[in-house]
Every structure is written in C-alpha cells, then in structure tokens.
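Novice: Given chain A, put chains B and C in place with the hints provided.
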Amino acid sequence: MTLAVTLEALTNTSFWISVGVLAGTYAIVALGLQLNTGFTGIVNFGQAAFMAIGAYTMAILVLNAGFSFWLSLPCAVAVTMLFGVIVGLPSLRLRADYFAIVTIAMAEVVRLFAQNARGLTGGNQGLFCDLDNPSNCYTNAWRDLSDHINNFVSNFWGDPDSLFPLLLVIWVTVGISIFLLRRLQRTPWGRVLRAIREDEDAAQALGKNTLVFKLQSLAISACLGAIAGFFLALNLATVHPLDFEPLVTFFAFSVLILGGIGSYRGVAVGAVLFWFVLEGTRFIDLPDPPFTETRIAAIRLAITGLVLIGLMAFRPQGLFGKREEMVLGE
Amino acid sequence: MNDAASNGATLLDVEDVVKRFGGIHAVNGATLRIREGGISALIGPNGAGKTTLFNVLTGFYKGDRGSVTFQGEEILGDHPYEIARKGMVRTFQITKALAAMPVIDNMMLAARDQPGERLRNVVFRPRAFKAREVQVRKQAMELLGIFNLRDLADAYAGTLSGGQRKLLELARALMAQPKLLLLDEPMAGINPTLGRRLLDHMQGLRRELGVTILFIEHDMEVVMNHSDRVIVMAEGRVIAEGEPHEVRKDKRVIDAYLGNVAVDNAAAGSSGG
Amino acid sequence: MFLGMEAGQVAEPVPSAMGERLKESLRRPWVAAVLVIAVIFLALVISHGLHAVAQTGLNGLSLGAIYALGAVGLTLVYGILKLVNFAQGDFLTFGAYMAYLVNVTWGMPLVIGIFWAMVATALLGLLFERVLWGPMRAKHAGFLQLILMSIGLAFLLRAIIQWFWSTDIRVLDVDTTSTVEFLGLRIGQTQLIVVIVGAVVIVAIGLMLRLTLLGKRMRALSDDLELAETAGIDTRRVINYTWIFAGALAGLAGVLAAATTNLRPELGFELLLPIFAAVILGGIGDAFGALAAGMVIGVMTEWSTLVIDARWKTAVGFLVLIVVLIVRPQGIFGKAKAI
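Residue numbers (the numbering used here), protein chains in the order written: chain A, 630 to 959; chain B, 3 to 275; chain C, 53 to 391.
The reader is advised that the hints may include incorrect statements.
As the list claims (entries may be wrong) - Below, simulated EDC-like cross-link-like pairs (lysine to aspartate or glutamate); rule was C-alpha separation at most 16 Å, straight line: (1) K134(C) <-> D726(A); (2) K88(B) <-> E38(B); (3) K88(B) <-> E76(B); (4) K64(B) <-> E84(B); (5) K64(B) <-> D830(A).
No lab work stands behind these hints: they were computed from the structure. All values derive from a computational prediction rather than experimental measurement.
Same shape as in the complex, but just chain A:
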C-alpha cells in the first residue's frame, strides 16, 4: 500500500482557491460566534439559522420580489438581525445551557421550514434561478462583478480562476470584520460585554441592562451569519436546506476553538487551518478499497471530532487564545 501525496494536486490552484473560499466563509460565521461565545458568554448554537435566513431572504427577494441583488443584501441583513432580536428577546433571559439548546432547536425549525415551505423556499430543490425565467438567477449581478474583477486581475495573472473574485471579496470582508470587531471590543461597550461573560449578575449590579447588550451581540452575530450565508449561496450557486444543518454551526465552533476563544484574529487562522487540514486529506492518495469515499468522509469527521476533544482536554484556550482570558475552564 502506497501513501503517495500527489504533487500535481498540491499545486492545483483552483482547488486551493475553493478551500480558501470555504475557510473565509467559515471565518465570518465563527467571528459571530467569537463575539457571542468568546466575548459575551452566550453559547449560540443557532448560527446556521442566521446563515439560512440571510441566504434565503436574499434569494427570495431577488427571484420572487424582483429586488436588485445589491438592494436585497442590506434587506436580508436587516431581516436576519430582526430575527435574531426576536429569538433573543425571550431566550437570552435563560441560563447558558438552555440558551444553547433553544438556539439549536430554533435552527432546526428554520431548516425544517426551508425544507417544507416549498412555495417560498423551493423545498428540497433549493433556490437558484427563477423557474419561469431561467436567465434570472440571484447570482447574475455577482457574475457580472466577478467578471469585471477578473478582467482587471488578468492584467497581472494570465488566466485567473473563476472563484478568485469571491475569494478576494470574502477575505476582504473577513479583514474588515476583524478590524471592526476588534475596535468595538476596545470600547466601553465591549467592556460591558466582557463583564457579562464574566458574571452577568455583577454587571447588572453595576447598572448595566445586560439583556440589551446580549441582544446587540446576538444581532451583530446574526448580521455576520447572514453575510456568510450570502457567500455560501454565491459559492454554491444554490440555496439548499441541507447546507444549513447544525453541523455547519458545529464546524464553525471547531474553527472558533482551534483559533482560540477570545481572539478575533485567531478565528481567521483557525478557519484556514481547519479547512486546509480537512480538505488537504483529499490529496493523500489512498487506495480505494478500503478507502472508499464515505470512509474518507468518515475520517474527516473523525479528525474534526478528535480536534474538538483534544483541544477541550488539553488546550481549551485554543491555539491563540490568552490563558488569562480563558473563559472555558472555570
């Protein structure tokens, strides 16, 4: 049995670009989780629902309501944030473990809705283009912009990969998000969030209306979720219920933990590391029997599981988290 790493595959740019797109998308998802879990102490297991609502609202507004793609984006963000507030208003009063369970149940209700409200969401077919008018797809406006970007890029790089513009836009978004979140964190507002993470009662005893801060934290996370949802929808060119399973949230938590609780930049590194390791397994040339495709998928799942278990057992602050700010241990 030979375990050869195919060199040709390793230099396959378009593959690595697709991995980069995935990593960037998850970085945005996990940045929201960092704000919630790492800096506010609320364990949000419903992030996939925010992605779903963002992506579906965008697609529905474009395909059914005739919105322009660019107008649909802020509208979808607004809808998702509103949803976050509505969900948070009753549930953020709950204990942290209850909140975690409520949010995962909420996410599953959203996914079931997407699966079953066929008239609106296309059910298990998903949403991609207007069926009566196949040339009207929600990706059209993006494709145009993407071509423009690549036309420009081709001045420097002969034949740029078709996913390159998406990679660029996603990682610029990641960079801007990290910059803004870090600035937010250093304001008095961010200080109150950390106080809530440490001890909500103490924050209340000092006159802070903690529910409002937690709602704002959740709403910002919902905004990031929606943006990640857009990128997912543009990457896959379809919005489908199976892309918003609880697994997505759990993967994002793995990214978060890998990067380290309490570090926004760590999240970006965690996302790259997580997806490059996971997708990199594709290049270890394993002989088909016994390594069938489902078995390789199983190995990837096992790696994720082991990473989670190992980090929680031996390095709960993650790779880049501060030990002093380790909020998981106590």
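Specialist: Just chains B and C, lined up with the frame of chain A:
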C-alpha cells in the same frame, strides 16, 4: 426613635416585604428604615433571610409582597440595573471580581454616564466617549490609590488575593457613585489587617462622600464598634432596630440571636465544669 | 371618569381570588399540563373522531417510548454530571448498529441483538466516563468545554459507524408488513412490540429508581452532587452505574428506533433534539419527568399529523422545547428550583 441616627431624611423604606421559595418564607414581612448618612449593620442568625432581603432590595429576587421605597420612589419589582442606577449599589457575599478582566477595567466598567456603552454612539460618534473615558480612568486610578490597589491596575482581577478582591469590589461599587451601599459580609474570608483597612474605608466613605452604608456582618465586635445602627433579623422578620448598645440589651434579640450564644456558652461552661 | 372607576373596580378582586387559584395551579404545573393535554385530546376527538385520535396516539406511543428511553439517561447524566451530552444521540445510533451486527450480519435473533446493543452501549458509556468525563471533572471543566467535547465525541462516533457501515440505509431483520388489529385499531407488529417493550422497561426503570438504593442514590446525586458526596454516598460508583444505565437504555432506544424505521448514521442525531425536549419538559435531572415528557412529546408529535401535514411533525418536539424553555424553564414535571 428620636436618637442620633434620625437626623437624615429617610433614604430607604422597606415595608412588610415577603419572599417565598415554594412554601418557605425566606423573608416574612420585613420592615426597616435606613436614614441618610449612617452605617447600619444587618445581623441575625443563619437563615434569618438577610441575604435574601438584600437580593429582594436590589432586584435580584422578585419580592412577593410589600413595598421598598428608595429616595421616595417605589423600586420593588424594578430590574437590578435600574435599582443600581438609582443609587443603590451592592456587593456580593461571594466576591464577583470579573476574573478575566484587568483591575482597571473592573473599575471603569462601573462608571456612570459613559456614552460609549451605547452601541449607537460607538458606531456613529466614536470620538464622543473618549473624553469621558479619560475622566473615568482618572477617577478609577484615584479610587484604586485609596484602596492600595493602584499598582495592580493592569493585573487580571483573577490574580488578586481574596482580600484584594473584596477591596476591589468595594472600590468598584464606589465607582458607580452610590447613595446607599449594600455590603454582603464585606469582612468574610479576609485577613484582619485587610479587614481593618476595609473598616477604615467604610468610616471614611461615610464622612467624605456621604455614602450611606448597610452591611451584613456576623462578627459582633465589628458590628458594635463600627456601626451606628443595628438591625436584627430572625426568621425572615426584623425583630429589633436601634443603636448598638440598645440592641445588645434588647430582650427579643437576646432570645432570638444572642440567646443562642448564651445557651451555647452555658452548655460549654457546664461541660467544662 | 366612569371608565376609570370601572377599571379600578375590576382590578381589585383579581389578585385575591383568581390570582391565588392561578398561582396554586402553577405550583403544580403537571396538573396544568394534564389539563392542556386533556383539552387537546377532546378537541381532536371532536374534530377528527375518537378512532383517528386513538390510532395516531398509538403510533405516538411507540415514538414516545423511544424518546422516553433516550431521555432518562440523558437527564440523569445532565443532572448528576452537569454534562449536556450531545453524543447521546450517537449512543442510540451505536446501539442500533450493534443490534444490526448481531441480527443481520451474524443472523442471530433480534432479542440477542437487543441484549448485545444494551451491553455494548453501556460499556461505551463507561469507557468514555473513564477516559473523558471523569478526568474532565477532575480538571473542573466548564460547561461549554464539556458540551463541545461531547459534540466532538458525537462526530467521532458517527465517523466510526460511517467507516464500518457506510452511509447506506439498512434495516433490521424484523417483520415490517404484518399488522395487529384490536378494537378497530391497526398497529404494525414491530411497532406493537416496541410499545410493549418500551412500557415494560419504563415501568421497570420507574420501580428501580423508586425502590432500589442505587436508584435513590442516583436521584440524590442528580439533586445535588456535592451534598450527596458529603452525605457519604460513594459517588464514583453511582456515576459509573448511571453511565451503564444511560448507555443501556440509549442502546435499547436506538434498536427500537431502528426497528420501526431504518438504520443510517444520522439516526440518533435526528432523535437528539426531541429527546432534549423531553429532558427539559420533564425537568433536568428528573428521571420520572423525562419518561412522562418523552411519551407526551411522542404522542403530541403523532397527534399533530391530524391537524398539519406530516412533514411538519418533527417541528412539534422543537416547538414544545422552545415554548417550555421560554415559559417555564424548570420544566413541567420538574420541581420549582431556583434556576
């Protein structure tokens, strides 16, 4: 009733407050009055409902019945943060230092009127809160200086000793500019030296800042020497209220509280003899 | 003026008479719960007839038995170890595949398969207690740390199952076609067996928890681990038995679920949320509550198909979960503890 402590106006008026847990009446019709400017001690045997009463007064528990008037305003049923903003600030029996935050952040968190705590201002007027932040930091450093914690300003609160945490919590509560400070066993679990310093601070605060203090304490010596009014609770009710020397002689107090001690002493005496 | 007076008059008597009665019923919320269920039952009987309600209710019992068995272990572990075990669903899956191994691969009777599934899953529970949960407790791990670890464990278990049995849909060697008829109701033979096995085991668990010393200790630990420790209970032993208990029942629940539907690696994870719903509805740590709540959610889920399209029925458990947590987080059957 027309003794020394009745000089000030009534700051806190607690009338017939009841708090039940299931069938148990943890606080069962507590009535008391705190006047401006004094240091009052709340004493009573274990399970008398002292901490529960604190929790009701500060909004952490919802009272089932009664009325709590603070500065002439009904506050029973208000949220804890509303009560804190109105000027009644508490500390906790088990210190709540925000361990993974530096000491200075603990202090600055408690400041009032920081526009930078509003997301709207943070996003649209990022410069507006900077000036206030400078003020707050200065104030925080001054207070830390008074409490001998200045050198530890940048240390994580989690690295402080138990006594230092108690001091930090008191200093932090003062940052919130309270009118009435509720301290739940401020002396518990700290060494005598720090304890004495804390007591001195309490006396100083009353004199200089005009802060009214109500504190729960078990050490009778501390209570007798450092408070000018004593409120005694037993079985969820206030059974006596007065100056320390009066309360000490009150028969109901001796029966309900000091009485236990007397009985214990008698038992110890008889077994010894 | 007039309106003002009227409002004043109305407002007065409310807190005294009505309010007291309302408070009284809230103090015994399970009475209120039974009333709500009775009202739903009557409303459904009136609108859809007794037969339809009984038929769907019967289906609900087999689903409810699976939820209840899955929930007992989860609630005890949650209550005793403060561990929100997201791997519980994959314990069910593991049990189901263990039965498949014996029943289909080795061609032995299902009874042996069930027995082996229970033993193997119990051992699995014990194994993870030894290598993961015990050491993590010693490190005073926080709740999020434990949750994320249990999610990692869930991934690992699912990966192992997927490695050996792939993602193909498989079935146990059970009779899925013959049905039994009684009182005009029709039920699949397998389903009937599930209901009977479920009922017997649930009664046995109830008796065991109420009558045996071990059961009492489990409940004592679930109330307050530290108090039980100071009261001189050998907590380690009880914790070990709790895992054995939780594992065996999860294994059984998994086999029953596989027998009534089919086997796939996501089997258990799909059952996890309704099981969580049962745990929370029943009050965390309350084994009897979890049993009752599991049955209630199972029956409600099937009853819902009378009113709404069957493809929505999975949402019932989630909605119950969300509503209960928001209205009464300590659960319907749980004691009114401070949350």
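Novice: So, for every hint listed, does it hold in this structure?
Specialist: Hint check results:
no.	hint	in the structure
1	K134(C) <-> D726(A)	holds, 10 Å
2	K88(B) <-> E38(B)	holds, 15 Å
3	K88(B) <-> E76(B)	holds, 11 Å
4	K64(B) <-> E84(B)	holds, 14 Å
5	K64(B) <-> D830(A)	holds, 15 Å
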